[in-house]
Structures are given as C-alpha cells and as structure tokens.
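Each chain is listed here by its residues.
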Amino acid sequence: MHIDARTLEDGTLIEGDVCIVGAGAAGISMAMEWIGTSHTVILLEGGGFDYDPQMQSLYAGKSIGDPYQVPLEMARLHYFGGTTGHWAGWCSTLDPVDFKKRAWVPHSGWPFRKEHLDPFYARAHSYVELGPYEYDAAHYEEQDSLRKRLPFDEEKVWTKMWQFSTPTRFGSTYREALTEAQNVLVYTYANVTDVEANESVQAVAGLQARTIDGKTHRVRARYYVLACGSIQNARILLASNRQVSEGLGNDHDLVGRFFMEHLEMGGAQLILEEPEILPLYSLRFGTGQRVPCGELSLTEQEQERRGLLHGTTSFRPGTFPEEMRSFFQNVSDGTYNRWLEYQKTRPRRAPRTAEERRDYRLHTRAEQRPNPASRVVLSSEKDALGVPYADLHWKLTALDKQSIRALYETLAHEFGRTGRGRVQILDWLLEDDSSWPSFLSGGFHHMGTTRMHEDPKQGVVDVNCKVHSIDNLYVAGAAVFPTSGAANPTLSVIAVSLRLSDHLKHKIG
Amino acid sequence: MNRRHFITCLTAGVLVPGWDREGLASGEIQALGRPLLCDMLGPSRVCELGMEYRRMTPRENSVKSLSAAIRPGKSQSLKPVIQEDFATGRTIIVKGWVLSVTEARQCALFSLLCS
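These protein sequence lines are chains E and G, in that order. Counted the way the working numbering counts, the first sequence spans residues 59 to 567. Counted the way the working numbering counts, the second sequence spans residues 194 to 308.
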C-alpha cells in the first residue's frame, strides 16, 4: 500500500511492527524480504517516487574537510529508489582481507569473516539482477580462452572480477511489488526529523516524520531501521538530541566518525610494448553487453608485507593529455574547471582500432583508511524542516596516498618484469603524502559513520547492526561498514541489509 | 651527418657508418643507445627522459660513463637485463615513468648522442 504523507491529517499516528527509514538499496531490499509475512512493515521515504528538487535540497550540506568535488545534495538521491537512481551498476564483493583485523590498518576488522557474508551476497545478486555468484577470474578464463589474466606474480598481484547490473533502478523495479503488498506500508514525503527515545533512553519510543507542507506525524513500531545512507543516518542520530545532547547512540562520540569514501582517481598511464586489447580487463558497455571484467589489485600478502591498504586499478583506453602533467603539479579549482571545459571541446583523435591499442589510463578505486577525524557533523544551518544540515569533514591520511602509489609501483614493476609495458605515475601521487589535489574525487560511495564493532567504545552498532545503547534501533547500509575495501558498496549494502532482515525476522518471531 | 639523420638511423636500428664518439663504435651505439622505449614513447620523449635522468644523476652525465654502466657483456641483449632490473627493484622514477635503471641510462645515452 502507498500513502503520500502529505495527504494525511496533521498528527497522524502510523503504526507497524518494523519501520524502515529510507527507500534505497538497503531499505527496499529489506522491505522486499518481508512481503507476505504476518508482520506490518512501514517503509518511510522522504522524497516522492520521482526526483523533486525541493526534497533533494534537504540533503544539502557543506564539504569542510579535504576537497570533495561532489556536492552533497548530488551524491545521494532523495526519492524512492534512493541512489540506485543514478548508480552505474558495478558489483563486486568485499574481499577476505577487508574483514580482517590488520595490524597495519588502525581500526580495521569486522566482527565476522567474508565467508559469513557469502550466502547473503548470493541472495543480493538477485536484487541487482546479476548472473551466478562467481567472482573467480579463473572461471571467466575457462569460459573464453581469449580472456586471460596478465601473467603477473601471483604472490603480488591478482585479478579482482566485477559483474555489472543493468543497472537495476530499485525505485521502478520494486515499486509495484512493495506498494501492492498487503503488509507493507510505503509512505512517501515522510522525512524523519527526530528519533524519540523512552525515558531511560534505552529504546526508541517513536519517530517524528514531517512533510514539506508542515505536517508532523508520529511513527510507532517494535523495531526501527535507519537506512538513509551514511551521511543522513548520522545526521538523524546527531539531530535527535532533545533527550541526550550528543545525540542518540552517541555515548562514545562515534556517530558520524569514520566516514569513508573510495578514492576514484586517474593515477597512472600504461604504454604496452606490443599493442594488445587486454580482453579480460576491458569494459564492454558500448557494445550493449555487460560482460564481467577484471581489475588488478595487490594480494593480501603483499598488502601485509608492505603495510598497504586495499585498492584496484582499471584499464581505460587512451592516455591522459600531455598537459595534465603540469596541470597535476599546479592545480587550483580554476585550472581544474578550465581543464574540464577543455575536455569538452578539445579535438578528438580518431579512435584506434582495438588491435592497435597500446596506451591505457589506469584508474584507482582505493580503500580509505578508517579515520575517526573523517566525519559528518551537524551544520549551524537548518533545512526547510528545521533539521540541521550534515556537513562533511572528509579527512584522508598519508597511508591512503602511499597505498595508491605503491599499487602503481608494483604494477609498473610487473609490467616491466614481464616485458609487457611501462607505467607512468601521475604527479599528484609523487608529491608529498600530506597534500591532496583540489580535484580529489570519490566514487559517491559513502561508508562508515555508524560503524560496526562488538565493543560499544569502538563502534556505534553491534554485530547485528543494532545501536549498542538502544534496544530496538538498527542501522542498515554502508554506514555500518568498519572498513571500505575496494569494491563499490551497493552489493555489500544489500548483503548486509539482508543479513539484518534475517536477524529481525528471527527476533520478532 | 646531421643530427636528424643520426636520430633517424639510431631509432630505425640502422648502423651509422663512420660514427665514433668517445670511443663508442657504431655497433655499440645500436646495442646500448637505442632504448626499447623509443618504440613505445617516440624518440623525443625518450630524449626528454634521458635529459632528466642526467639532471638527476650528474655523475653519469657522459657517453663514457653511461655506456660503461649499461654495457651488459659483449653480445647480450639488454631486454633481459631490463626485465631483471624490474624483477629486482632496480628502478628509478623519471618524469613519473617507472623505468629500469638500465633503460633510464639508455635514455640518457640516447639524449647525449642526439645532442
């Protein structure tokens, strides 16, 4: 059933068994799991079924830390389907190393291993309409003899595989199933502005949900799940500060901290000794196919041996323009914008045939070191509903840069050792490790802020994604990730949410 | 012989008749002074890399010292030497390019011979 919260009488009480706040990949996949059960699920979406600039503006906030080129109100979509409305469909799993406590990565370690999440990943595949749950490069080599891994030292470098969703737009794909389900109540235009705790602040008593036209409703359920994305989840908890000044679940000053992004940057270029099309590593979107492809990454033992974070590199045909060398050395926002303009108008070289290709741009998707100083904070400015905006103080560390550089150095050695080619590392990676260029870029992948840890002093939620100090409040999505790994988060978001859904089903009986 | 003719000969792998510079015969020039990188990056960029290497390591800034440092043995190809450099981490970053030390010296020699 669908209800537009703007059409309700002011002060309506909405009741159910489970209330999920946010209808993105996490919230929708969870709600789908409850269709046909005997429990009433409330799915609250702040926006409507379509993009609405007025609702989107509620996500505005400032970047006040390291340069973050993506405006916050653009990075996450505030309507039914959430950010799956503009995701690109890249899917891969986190890797075993991402779950481990690594001595060289402070604050690393999940409370379970990757094997524990595998069954949920397999289930998540159906939600994003992927093929078999198979990420072993050898499997894809067997299917096509032309698609071979690069012959690199297997103790140092491995090929991480990706599958590609069409991409599934959760809003359009799952709208009918959810709005027609008898036991699922989909409310649109219902923005949660306050989480009200009971007197002892040990359980949630209800939610306050406001509409843009000034109505205030109350929501009551047995269990509550925040599934609004990493920034908005933290914002709701921090802004729910009427009973506890530091915000709900924030007994140890952890809510909003450990914000993580994937650094997605061009970092190097490759010239092959002989032209080659590297079929296993080639994206084939242009042909209408979405064939799985590989990226290169350092092995777990190499990461450990050298004390590095995880990261991958993809191959994109072409070279960075020659002028980028000096550009990278001396950049400002102005020069960056001029460069972007130049990219739109510069004369294009006639495309080479695939057989002639010997130059590739290498792009990184790199893990960010979990960093308590990288955080979401409340702004002094408020949105149209009277809730403080969330500002982002993104903060990177030297290890982040060192790890990307080391990845390219290792690849350069492997390409040279095997007589395949040479790698040129771009200047921004060769400069000092404490500075970052103004064109620093992430992948729109917001993670952390309510991290998972068994110890309440080290994490906001426990192993079941329950807020440590609140009995019936849970967090879904990438906000609970203790580390970010090097995989786009959507598939992991769904897997972790399905796991939470199972837990709640068990709990509710 | 003018400079352009010399570079053309060098990059094309053609022996340069009558060439003898700082005791380096034409055959040795072909073995030592024609980096594999020329095929990948073109002679002018290789020349730039060579000049940068010479700036970074001024003590090697002569045909004699560079050819002595590169020389792998009488008839040995440099390609396996370069690959071994990469395998053992004998590399240097020149203008961002991660090069084997041997081929960086080749670039330097190339730039000297072209100058």
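Hints in this document: simulated from the structure, not taken from any laboratory. Worth double-checking, as some hints may not be accurate.
What the hints assert, rightly or not - List of simulated lysine-lysine pairs, BS3-like, C-alpha gap at most 25 Å:
1) E:K214 <-> G:K257
2) E:K158 <-> E:K214
3) E:K159 <-> E:K440
4) E:K158 <-> E:K515
5) E:K453 <-> E:K440
6) E:K206 <-> G:K288
Stated by the list, open to error - Over 10 Å on every C-beta distance to chain E, these chain G residues come out as not near it, computed from the model:
7) M233
8) E253
9) K272
We put the CB at the ideal spot given by N, CA and C, even for glycine.
Hints, verified against the model:
1. E:K214 <-> G:K257: violated (38 Å)
2. E:K158 <-> E:K214: holds (18 Å)
3. E:K159 <-> E:K440: violated (39 Å)
4. E:K158 <-> E:K515: With Cα atoms ~19 Å apart, K158 (chain E) and K515 (chain E) stay inside 25 Å; holds.
5. E:K453 <-> E:K440: Judged against 25 Å, a Cα distance of about 24 Å means the pair holds.
6. E:K206 <-> G:K288: violated (31 Å)
7. M233: Violated, because the least Cβ-Cβ distance between M233 (chain G) and chain E comes to about 5 Å, which does not exceed 10 Å.
8. E253: Since the minimum Cβ distance to chain E is about 20 Å, E253 (chain G) lies beyond 10 Å and the statement holds.
9. K272: violated (7 Å)
Violated hints, in rising order: 1, 3, 6, 7 and 9; the structure is consistent with all others.
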